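Q: Chain by chain, the residues run as shown.
There are 2 protein chains.
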Amino acid sequence: MSNLNVTMSRRLVLAAATAAPVLLSATSNSTAQEAAQSLPSWNDGPAKQAILDFVRTIVSQVPPEDRIATFDQDGTLWVEHPVYTQAMFALERVHTLASQHPEWKDHEPFKAVLANDEAAIAKFSERDWAEVVFATHAGISQADFQDIVRQWLGTAKHPRFKRPYTELVYQPMREVMDYLRANGFKTYIVTGGGQDFVRTYAQRVYGVPPEQVVGSSIATTYEIKNGKPELMRLPKLFFDDDHAGKAIGIDLFIGKRPYAAFGNSTGDREMLEWTGAGEGARLKMLVHHDDAEREYAYGPAGGLPDTKVGTFDQSLLDEANAKGWVVISMKNDWKRVFGS
Amino acid sequence: MSNLNVTMSRRLVLAAATAAPVLLSATSNSTAQEAAQSLPSWNDGPAKQAILDFVRTIVSQVPPEDRIATFDQDGTLWVEHPVYTQAMFALERVHTLASQHPEWKDHEPFKAVLANDEAAIAKFSERDWAEVVFATHAGISQADFQDIVRQWLGTAKHPRFKRPYTELVYQPMREVMDYLRANGFKTYIVTGGGQDFVRTYAQRVYGVPPEQVVGSSIATTYEIKNGKPELMRLPKLFFDDDHAGKAIGIDLFIGKRPYAAFGNSTGDREMLEWTGAGEGARLKMLVHHDDAEREYAYGPAGGLPDTKVGTFDQSLLDEANAKGWVVISMKNDWKRVFGS
Chain P
1 MSNLNVTMSR RLVLAAATAA PVLLSATSNS TAQEAAQSLP SWNDGPAKQA ILDFVRTIVS
61 QVPPEDRIAT FDQDGTLWVE HPVYTQAMFA LERVHTLASQ HPEWKDHEPF KAVLANDEAA
121 IAKFSERDWA EVVFATHAGI SQADFQDIVR QWLGTAKHPR FKRPYTELVY QPMREVMDYL
181 RANGFKTYIV TGGGQDFVRT YAQRVYGVPP EQVVGSSIAT TYEIKNGKPE LMRLPKLFFD
241 DDHAGKAIGI DLFIGKRPYA AFGNSTGDRE MLEWTGAGEG ARLKMLVHHD DAEREYAYGP
301 AGGLPDTKVG TFDQSLLDEA NAKGWVVISM KNDWKRVFGS
Chain F
341 MSNLNVTMSR RLVLAAATAA PVLLSATSNS TAQEAAQSLP SWNDGPAKQA ILDFVRTIVS
401 QVPPEDRIAT FDQDGTLWVE HPVYTQAMFA LERVHTLASQ HPEWKDHEPF KAVLANDEAA
461 IAKFSERDWA EVVFATHAGI SQADFQDIVR QWLGTAKHPR FKRPYTELVY QPMREVMDYL
521 RANGFKTYIV TGGGQDFVRT YAQRVYGVPP EQVVGSSIAT TYEIKNGKPE LMRLPKLFFD
581 DDHAGKAIGI DLFIGKRPYA AFGNSTGDRE MLEWTGAGEG ARLKMLVHHD DAEREYAYGP
641 AGGLPDTKVG TFDQSLLDEA NAKGWVVISM KNDWKRVFGS
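Protein sequence lines correspond, in order, to chains P and F. Every letter in the first sequence is one number past the one before it in the working numbering, and letter 11, counting from 1, is 11. Take any residue in the second sequence, count from 1 to its spot, add 340: that is its number in the working numbering.
Be aware that a few hints might be false.
What the hints assert, rightly or not - Below, simulated DSS-like cross-link-like pairs (lysine-lysine); rule was C-alpha separation at most 30 Å, straight line:
{"#": "1", "chain 1": "P", "residue 1": "K111", "chain 2": "P", "residue 2": "K162"}
{"#": "2", "chain 1": "P", "residue 1": "K105", "chain 2": "P", "residue 2": "K236"}
{"#": "3", "chain 1": "P", "residue 1": "K225", "chain 2": "F", "residue 2": "K663"}
{"#": "4", "chain 1": "P", "residue 1": "K256", "chain 2": "F", "residue 2": "K445"}
{"#": "5", "chain 1": "F", "residue 1": "K463", "chain 2": "F", "residue 2": "K445"}
{"#": "6", "chain 1": "F", "residue 1": "K596", "chain 2": "P", "residue 2": "K157"}
{"#": "7", "chain 1": "P", "residue 1": "K228", "chain 2": "F", "residue 2": "K663"}
Claimed, not checked - Far from chain F, by Cβ distances over 10 Å, these chain P residues were calculated:
{"#": "8", "residue": "K105"}
{"#": "9", "residue": "E118"}
{"#": "10", "residue": "D128"}
{"#": "11", "residue": "Y165"}
{"#": "12", "residue": "P210"}
{"#": "13", "residue": "A247"}
{"#": "14", "residue": "A277"}
{"#": "15", "residue": "P300"}
FYI, nobody ran anything at the bench for these hints, they're computed from the structure. Because the structure is a prediction, the values reported are computed rather than measured. Just so it is clear, CB atoms sit at the ideal spot from N, CA and C, and this is done for glycine as well.
Take these sequences, add in the hints, and give me the full structure.
A: Here it is, written out as structure tokens:
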């Protein structure tokens with residue numbers, strides 16, 4: 001699957017630390033030097049400076065309970081190429097389940113998956129992906145699904161970097177999360193990916209507890225099995241937390257407008273618009289993947305290769321420039337990409 | 341509207357403090373005496389004792405991040421008779437909006453509402469209530485809706501007690517919330533009522549921030565109006581947070597199983613079942629309204645008058661007895677019902 005650049009809609013790839021209370025004055029004594037030391041993996045430059053300036057302003061103006069920061073996940077906090085991690089999980093799970101579904105070997109889209117036909121998979125329609133996702137994500141309980149995800153993440157490795165996916169987290173972004181939390185922010189993940197998928201590792205990997213992970217979800221139903229209630233996963237989309245869904249999801253789950261929002265693709269546009277429409281200082285940042293050597297380079301904004309996975313198109317760059325959103329150059333702003 | 345006992349489905353009446361982190365050991369030095377002083381509005385007895393015993397056990401066994409407590413609202417935290425507060429809001433808002441809808445005076449169910457025809461309103465079908473709710477809760481932005489709710493709550497008074505609804509909160513339950521939070525619990529409201537309605541006052545009245553209010557909701561859509569994004573409320577149910585929906589909502593919004601759950605009606609059954617299915621000590625409590633003098637008496641469990649608003653039926657009482665859920669007698673367990 002090494003160079004698979006899958007055409008997929010986030011809509012269907014569902015799958016895809018509690019903040020310490022800090023008094024308004026708690027960080028007012030922190031010096032600029034201390035602040036700068038909080039982001040050791042960032043090069044000096046406008047992106048790092050925007051974060052430092054923003055935090056300095058907020059801690060003096062906004063009470064801690066309103067300090068909300070939202071982060072997209074795929075492509076913003078961890079690697080999303082060549083294909084979303086959760087899509088990789090779904091494809092691999094088709095192989096795992098194939099013995100229980102002998103009909104799959106003659107039935108698309110499963111036939112293509114089982115044959116590792118990358119060209120065919122790259123052309124999957126939304127409907128094809130829906131079939132793959134529902135076949136691999138539904139029909140079991142929430143608890144069983146999350147156990148399966150945890151097991152898979154414990155062994156699966158990224159095709160290029162040969163490391164577990166949960167190690168392919170952007171160290172500079174982890175530092176931003178830590179820095180915001182140290183300044184009284186509550187950090188949320190707001191992902192087009194599957195809420196239940198991300199919740200299995202968000203606490204361990206990002207320091208974000210389950211209740212601060214907002215994502216796409218499939219419907220569940222409450223059933224009594226052997227006298228015990230279970231929440232069973234249905235093959236049906238419940239909430240699509242992407243594009244406008246991110247603003248809707250933030251309102252639905254948090255009920256407060258963020259002061260800071262971080263994304264990397266057109267799916268994050270409305271989250272940044274919604275954040276920026278608030279009064280006072282608001283930080284809106286977009287990670288631009290312009291570093292083919294250390295990670296990947298794609299856009300098509302900035303003349304980089306086009307992609308269907310995490311598209312950052314020219315209209316998003318135009319809006320960012322017009323509205324003062326800060327574009328993070330992975331190549332220039334980050335001293336290093338991954339943790340050790 | 342004083343004795344209106346409205347037939348309504350919670351499904352359609354959508355409308356209807358951050359916990360301080362406490363170390364595992366933080367409360368282990370608290371004495372039984374100190375604990376008892378935390379619930380001054382409770383009479384000594386099995387209900388109060390169950391709360392004290394439970395908290396003593398949990399603080400020694402469960403890390404703070406897992407200490408989740410969920411509270412139904414109507415009938416558990418505040419008065420729900422003669423009719424849910426949010427239904428009262430909807431009915432009164434029909435009057436307010438009538439001048440913009442001249443057709444309503446000849447069109448049911450609005451005609452009955454405008455005529456204050458309590459007998460007719462009491463017989464409203466689910467469809468009637470849906471019309472009333474959507475006409476009064478949709479078609480405006482989230483921000484405008486919440487402003488309207490805040491204004492209404494500032495002036496509306498309960499027909500019997502002649503006090504603002506937000507003062508008709510059960511003081512003993514406020515003490516339970518405070519006591520749990522002082523012991524590291526995160527307290528959530530999980531209501532069949534409208535999430536956006538309850539979020540307007542939950543912080544002020546219960547010390548529960550918006551992100552810890554889970555409720556029924558209607559769909560919203562993201563629209564750019566005069567260059568600014570707005571979330572507009574649609575006349576369409578999005579999530580029904582009642583009965584099985586409460587277990588589903590808890591998993592969806594919190595992603596952790598509660599250690600304690602408090603309810604008062606059949607709509608809370610699945611929340612208590614879901615809570616009780618967890619391992620270790622779990623507290624499940626039901627408020628029984630058996631106090632016609634200080635508040636109301638209804639069941640029909642316990643031979644009390646039947647009701648369609650907050651029904652506590654015999655099957656719920658049987659299940660409570662079979663599973664060791666604690667039934668709170670408002671009459672016997674509470675020294676006082678309301679705060680001063």
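Q: Was P210 (chain P) rightly flagged as not at the interface, with every chain F Cβ beyond 10 Å?
A: Incorrect as stated: the minimum Cβ-Cβ distance to chain F is 3 Å, not above 10 Å.
Q: Grab the minimum beta-carbon distance between K105 (chain P) and chain F and tell me whether it stays above 10 Å.
A: 35 Å, holds
Q: Do the alpha carbons of K111 (chain P) and K162 (chain P) lie within 30 Å of each other, as the hint requires?
A: 26 Å, holds
Q: K225 (chain P) and K663 (chain F): Cα distance at most 30 Å?
A: Cα-Cα ~17 Å, so holds.
Q: Is the nearest Cβ of chain F still more than 10 Å from the Cβ of A247 (chain P)?
A: 5 Å, violated
Q: So A277 (chain P) supposedly isn't at the interface. Is its beta-carbon more than 10 Å from every beta-carbon in chain F?
A: 5 Å, violated
Q: Confirm or reject: E118 (chain P) is not an interface residue toward chain F, with every Cβ-Cβ distance exceeding 10 Å.
A: 34 Å, holds
Q: Taking 30 Å as the top limit, are the C-alpha atoms of K596 (chain F) and K157 (chain P) close enough?
A: 28 Å, holds
Q: May I ask you to check that Y165 (chain P) keeps its beta-carbon over 10 Å from the closest beta-carbon of chain F?
A: At about 20 Å from chain F, Y165 (chain P) clears the 10 Å cut-off, so the statement holds.
Q: Taken at face value, is the distance from the CA of K445 (chain F) to the CA of K256 (chain P) at most 30 Å?
A: Given that 30 Å is the threshold and the Cα spacing comes to 38 Å, the pair is violated.
Q: Beyond 10 Å from chain F, beta-carbon-wise, is D128 (chain P)?
A: The claim holds: D128 (chain P) sits with its nearest Cβ about 27 Å from chain F, beyond 10 Å.
Q: Check the hint pairing K228 (chain P) with K663 (chain F) against an upper bound of 30 Å on the C-alpha distance.
A: This hinted pair holds, its Cα atoms lying about 12 Å apart.
Hint compliance for this structure: hints 4, 12, 13, 14 are broken, all remaining hints hold.
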